[in-house]
Amino acid sequence: NAGVTQTPKFRILKIGQSMTLQCTQDMNHNYMYWYRQDPGMGLKLIYYSVGAGITDKGEVPNGYNVSRSTTEDFPLRLELAAPSQTSVYFCASSYSSSQHTGTGGRETQYFGPGTRLLVL
Amino acid sequence: AQKVTQAQTEISVVEKEDVTLDCVYETRDTTYYLFWYKQPPSGELVFLIRRNSFDEQNEISGRYSWNFQKSTSSFNFTITASQVVDSAVYFCALKSNTGKLIFGQGTTLQVKP
Numbered sequence: 003n004a005g006v007t008q009t010p011k012f013r014i015l016k017i018g019q020s021m022t023l024q025c026t027q028d029m030n031h032n033y034m035y036w037y038r039q040d041p042g043m044g045l046k047l048i049y050y051s052v053g054a055g056i057t058d059k060g061e062v063p064n065g066y067n068v069s070r071s072t073t074e075d076f077p078l079r080l081e082l083a084a085p086s087q088t089s090v091y092f093c094a095s096s097y098s099s100s101q102h103t104g105t106g107g108r109e110t111q112y113f114g115p116g117t118r119l120l121v122l
Numbered sequence: 005a006q007k008v009t010q011a012q013t014e015i016s017v018v019e020k021e022d023v024t025l026d027c028v029y030e031t032r033d034t035t036y037y038l039f040w041y042k043q044p045p046s047g048e049l050v051f052l053i054r055r056n057s058f059d060e061q062n063e064i065s066g067r068y069s070w071n072f073q074k075s076t077s078s079f080n081f082t083i084t085a086s087q088v089v090d091s092a093v094y095f096c097a098l099k100s101n102t103g104k105l106i107f108g109q110g111t112t113l114q115v116k117p
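Protein chains in written order, with the numbering used here: chain C, 3 to 122; chain S, 5 to 117.
Treat the hints as calculated values from the structure; they're not laboratory data.
Since this is a predicted model, take the numbers as computed values, not measurements.
Where a beta carbon is used, it is the ideal one built from N, C-alpha and C, also for glycine.
If you want a taste of the chain C side facing chain S, the calculated C-beta under 10 Å gives, among others:
hint, residue
1, Y33
2, Y35
3, G42
4, E61
5, V90
6, F92
7, S98
8, Q111
9, Y112
10, G114
11, P115
12, R118
Straight-line alpha carbon distances no greater than 25 Å define the calculated DSS-like cross-link-like pairs of lysine-lysine that follow:
hint, chain 1, residue 1, chain 2, residue 2
13, S, K7, C, K59
14, C, K59, C, K46
15, S, K7, S, K42
16, S, K104, C, K46
17, S, K42, C, K11
18, C, K59, C, K11
19, C, K46, C, K16
20, S, K20, S, K42
21, C, K59, S, K104
22, S, K7, C, K46
23, C, K46, S, K42
24, C, K11, C, K46
Some chain S residues well away from chain C (every beta-carbon gap over 10 Å; in silico):
hint, residue
25, A11
26, V18
27, T24
28, D90
Extracted from the complex, chain C is given alone in its bound form:
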């Protein structure tokens, strides 16, 4: 059971380049999330998805796009990389019920190992 996996682990981009950060989970979780963590800061939500075909903006969505064609995968796309997007990106997943009746670990977000992105 791999949990949440992310690729690549590290990437250097030039300004204006594009790339896709990959995220896959094998826990059959319905919710998936993308966060960014800037140095010395907490995590900020970029986008999230409540299920295949459904995505929504988080706190800091500008400059990013996502798609959710399957339950397992939730890629994050950077179209025109900017230095302000230098950060560590974390993908997470959870099982969430609308009535918050989760038990045994439901509602808990499990994180991938992160992707360190440097835009120069």
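Fit chain S to the supplied structure of chain C, relying on the hints for placement.
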């Protein structure tokens, strides 16, 4: 508004000391979840504990214990007999009815030998 405040930016202790990390939250939701995550120097985020708003019992897991008090909107985390391996950044987080996880700024704990 939903907010999590970890007022302690950095804490430094000597091994075997007890240390408490503070977390204060704000929410208007009646149902919510609180979490603690550990981020060691290697960078990954490790889930430590989840507590729902209906359960105010304190939790103990080995050297770790958590004190949840709704009256003061606090969810504090205590490490007993700290060890060097406890050195990490610790995040408190609040999950609202929208499903979004709101993180505090984190507390960096340094345990010196």
